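Protein chains: 2
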Amino acid sequence: MNITKPTLLVDLQKCKLNLQRMLDKANSKKVDLRPHFKTHQSIQIGEIFKEFGLKKITVSSVEMAQKFAENGWQDITIAFPFNPLEIKIIEQLSDKVELNILISSQISAQKLKSITRQKLNYFIEIDTGYHRSGILAEDFKQIARAIKLLSAHQFIGFLTHSGHTYQAGSIQEILEIHRDTIDKMKILKQQFASEFPHLTLSIGDTPSCTLAENFESVDEMRPGNFVFYDLMQLNLGVCKLEDIAVCLACPVVDINRDRNEIVIYGGAVHLSKEHILHNSKEIFGQVVKLTDTNWYKLDEDIFVISLSQEHGIIKASDELIHTIKIGDVLGIIPVHSCLTMNLNKNFKFKST
Amino acid sequence: MNITKPTLLVDLQKCKLNLQRMLDKANSKKVDLRPHFKTHQSIQIGEIFKEFGLKKITVSSVEMAQKFAENGWQDITIAFPFNPLEIKIIEQLSDKVELNILISSQISAQKLKSITRQKLNYFIEIDTGYHRSGILAEDFKQIARAIKLLSAHQFIGFLTHSGHTYQAGSIQEILEIHRDTIDKMKILKQQFASEFPHLTLSIGDTPSCTLAENFESVDEMRPGNFVFYDLMQLNLGVCKLEDIAVCLACPVVDINRDRNEIVIYGGAVHLSKEHILHNSKEIFGQVVKLTDTNWYKLDEDIFVISLSQEHGIIKASDELIHTIKIGDVLGIIPVHSCLTMNLNKNFKFKST
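These protein sequence lines are chains W and U, in that order.
The letter at position 24 of the first sequence is residue 33 when you use my numbering, and the numbering goes up by one with no holes.
The letter at position 250 of the second sequence is residue 259 when you use my numbering, and the numbering goes up by one with no holes.
A portion of the hints provided could be inaccurate.
With a straight-line cut-off of 27 Å between C-alpha atoms, the simulated BS3-like cross-links for lysine-lysine are [stated by the list, open to error]:
id : chain 1 : residue 1 : chain 2 : residue 2
1  : W       : K334      : U       : K324
2  : W       : K14       : U       : K65
3  : U       : K122      : W       : K122
4  : U       : K76       : U       : K306
5  : U       : K38       : U       : K150
6  : U       : K324      : W       : K354
7  : U       : K14       : W       : K128
8  : W       : K150      : U       : K324
9  : W       : K334      : U       : K97
Sample of chain W residues at the chain U side, in silico, Cβ under 7 Å [stated by the list, open to error]:
id : residue
10 : P93
11 : I96
12 : K157
13 : S281
Keep in mind the hints are simulated off the structure, nothing from the lab.
Model, not experiment: these values are computed from the prediction.
Each residue gets a CB set at the ideal place from its N, CA and C atoms; glycine is no exception.
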């Protein structure tokens, strides 16, 4: 593949398989798929979603909304708390495309009300237990007040991201969190149904969207990571290693046989410092074998055990250390594909 | 300052003070300062170093060497293990500028010997205890063999990076590591002095270069981080908060008074996921007060306690939570300025 330095490879075929599976799931559950584009942030990868007939997307910043709007996307939800400092760009964008913003508290609603007269579409962000942002699902009063404050605007529905599934210790626990989310959102929908019979319930996280079967009352799902998956999802039991569609190709620059360590050109500026624990130790990526046209699981699980700015250190087995030479290129499956992709905007599609 | 989204601010005056102090130290110790440009990677900030009369620099990739060579830098050390896959660019660059590469093992020397006939300048990388890459300082045999293998090339000297100072628990411990480094490098110099009377001893890390007074036998220092410093250096006792020359300006997008949490627009794609421990808890940045022209320490230490892609969560005091409004902009001092800078190439100079 003519790799000379760290290069992120994207397997288009795997992306399409992952996308087809999620779309089949959404269709079978009669739920709209509004994929989150923060994972790839790429116009080119966005085109794949167009090929699958998708027209609605999610982004995590006004900047990303602008970028995809310029590329022809006409229906965009910014799934990030409303930032009043960007009201002008939001107003301009709302004139051009169907734009939904997120109101995550009563004071956020108050702020929006006070700074615009333009009619904007908004979701109320609901906190179903992740406790990052949003109004607690049980807090009907605050929710009602926010909606009342914004009566001049267009209320779309309730949106939640159950990010606490990423802390789950088992698939069972992910499904329990999802069940709890569904229950809370369903009650909310019932609570506001008489006033807003057409409100949308939108849920988000890749673990739930991939694993769950029960989407009762849900109208829309917004997973993002699923198009690539990564080591974190593998570790949670959400995907298989073979499903992961991104891999960082890294030149081997040194080998230390006394410590069974391989030094690669590939560090924190390529992979990000996101880590997971494996046998109580921090790991930053998993090693795969790379050929000209593909990557393959090794017989053993071998990991990147530390990262500095440009260096990665692999703790190798005796077998691996004796088959690898300086100048070879190894593949590293990233822990968090969204952050790795953000650092490698000049990715390459894997040759087939 | 017209901030509407996360924006890295660089305090030029602080950069210059940090640079002047390090240059004074180097001059007083009769050591050459060859600053590491991986910290800023910026042509514009590079110009400040030119103003101070500096002509030699360090970088951590061939790509960075190319970039700074194109901008007129004529004497560049690539302080990263030699990557044979980039030999062509290395050869081309060596024709244009004074370029030093790094040989970090006997097999790395063998590889270089086998793939080029061009005469190249090289350092031998010495491992004085960090155990990332390089030949152990005591391994005279391997060092001698590497030098012998590369007899057709130009041996410059020994280079080490005592990165284990970043694991030190006290200033005392940093100074002990530095003393150990100096001792090991001095012995090496003596060992090879008869054959190479003009060899250069080059040491690297910001903690040692900032704190130590003993630079016996050292010819060159290559600190990088010192131009900005950061929370990690503050935590090690290497700098004061007032010395830190970078700050991420982040809009406040929500406030949760029940949990004493402030949600900022500023996440892992702006700060990086580098963290340090404070009272056994992970922190990702420290909050400072931001005005139109400067940033200031708060009365209390308030930290960013979690990051997702675009969100940051601040655990606030009762006092802070009642003075902050949605739409305000807070300053966040990053944990690791090199990684934060890498994510914010469109930084702004702080107005004065």
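Okay, the hints, checked on the actual structure:
1. W/K334 to U/K324: violated, 48 Å
2. W/K14 to U/K65: Cα-Cα ~25 Å, so holds.
3. U/K122 to W/K122: Given pair U/K122, W/K122 is violated - Cα atoms ~70 Å apart, limit 27 Å.
4. U/K76 to U/K306: violated, 36 Å
5. U/K38 to U/K150: Not OK: U/K38 and U/K150 at ~31 Å, beyond 27 Å, violated.
6. U/K324 to W/K354: The hint is violated at about 32 Å.
7. U/K14 to W/K128: Measuring from Cα to Cα gives roughly 23 Å; hence the hint holds.
8. W/K150 to U/K324: holds, 25 Å
9. W/K334 to U/K97: Holds, because 19 Å separates the two Cα atoms, which is no more than 27 Å.
10. P93: The hint holds - W/P93 has a Cβ within 7 Å of chain U, the shortest such distance being about 4 Å.
11. I96: W/I96 check fails; min Cβ-Cβ to chain U is 9 Å, beyond 7 Å.
12. K157: With a minimum Cβ separation of about 18 Å from chain U (threshold 7 Å), the hint on W/K157 is violated.
13. S281: holds, 6 Å
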